[in-house]
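Residue numbers (our numbering), protein chains in the order written: chain A, 1 to 113; chain B, 1 to 112.
If you are wondering where the hints come from, they were derived from the structure by calculation, not from laboratory data.
Owing to the predicted nature of the structure, the values given are computational and were not obtained by experimental measurement.
Errors might be hidden in some of the hints.
[Stated by the list, open to error] For lysine-lysine, the following BS3-like pairs were computed, each having C-alpha atoms within a straight-line distance of at most 25 Å:
| id | chain 1 | residue 1 | chain 2 | residue 2 |
| --- | --- | --- | --- | --- |
| 1 | B | Lys104 | B | Lys2 |
| 2 | B | Lys107 | B | Lys56 |
| 3 | A | Lys11 | B | Lys2 |
| 4 | B | Lys107 | A | Lys78 |
| 5 | A | Lys78 | A | Lys15 |
| 6 | A | Lys78 | A | Lys11 |
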Amino acid sequence: GAGVSQTPSNKVTEKGKYVELRCDPISGHTALYWYRQSLGQGPEFLIYFQGTGAADDSGLPNDRFFAVRPEGSVSTLKIQRTERGDSAVYLCASSFSDRAVRYFGPGTRLTVL
Amino acid sequence: QKEVEQNSGPLSVPEGAIASLNCTYSDRGSQSFFWYRQYSGKSPELIMFIYSNGDKEDGRFTAQLNKASQYVSLLIRDSQPSDSATYLCAVYSGAGSYQLTFGKGTKLSVIP
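Model the full assembly from the supplied sequences, consistent with the hints where possible.
Written out as structure tokens, the structure is:
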């Protein structure tokens with residue numbers, strides 16, 4: 001079946017703008033995760049959803065970052081007042097449960113000018 | 001703070017040789033261990049996972065886990081140029097933690 005998909009694949013924005021990044025998980029996966037990966041680093045955990053609720057948002061760097069998953073499938077990561085330091089690849093992953101293997105999407109490369 | 005350490009490399013091996021990638025972790029309660037392969041500009045792809053002490057083999061790949069020493073390794077036999085990538089070690093602590101903690105990755109280069 002289809003894997004995790006993410007849109008857009010690339011996003012260039014200006015400092016101070018608002019962006020939304022979308023993730024469509026594998027069908028049937030109830031667990032969804034957002035990670036951020038900077039150059040030369042491993043993925044860094046941002047937030048975990050089990051169904052519609054955010055079970056763990058301890059990785060969100062500050063209140064400019066917010067994510068939703070209103071129907072328990074597609075998730076949107078929202079970043080307000082973007083800063084140059086937000087530039088990174090934002091990865092989404094999904095799994096059957098929090099203990100199951102996580103499958104990653106292709107990522108969205110965000111560049112803040 | 002839970003940490004996962006990997007030698008960033010690059011690790012260069014000749015084609016056909018065995019590549020050995022190592023990873024240490026700080027949380028003694030960690031339960032599951034994963035190796036992901038990441039080609040440049042691509043997303044991480046699961047290679048193997050291991051839960052129990054000892055070796056787990058899958059084709060040319062062998063994962064080794066030693067919980068007492070808190071290390072996990074990945075051996076790649078008969079290395080091919082197509083194995084050239086960054087290999088990420090990831091550790092799941094379990095016990096109510098949902099976080100999968102990644103190392104920075106080891107860049108492997110297989111020389112033809």
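Structure-based check of all given hints:
1. Lys104(B) / Lys2(B): holds (13 Å)
2. Lys107(B) / Lys56(B): holds (22 Å)
3. Lys11(A) / Lys2(B): violated (32 Å)
4. Lys107(B) / Lys78(A): Since the Cα atoms of Lys107(B) and Lys78(A) sit roughly 32 Å apart, the hinted pair is violated (cutoff 25 Å).
5. Lys78(A) / Lys15(A): holds (14 Å)
6. Lys78(A) / Lys11(A): Status holds; Cα separation ~13 Å.
Checked against the numbered hints given earlier, the structure breaks hints 3 and 4 and satisfies all the rest.
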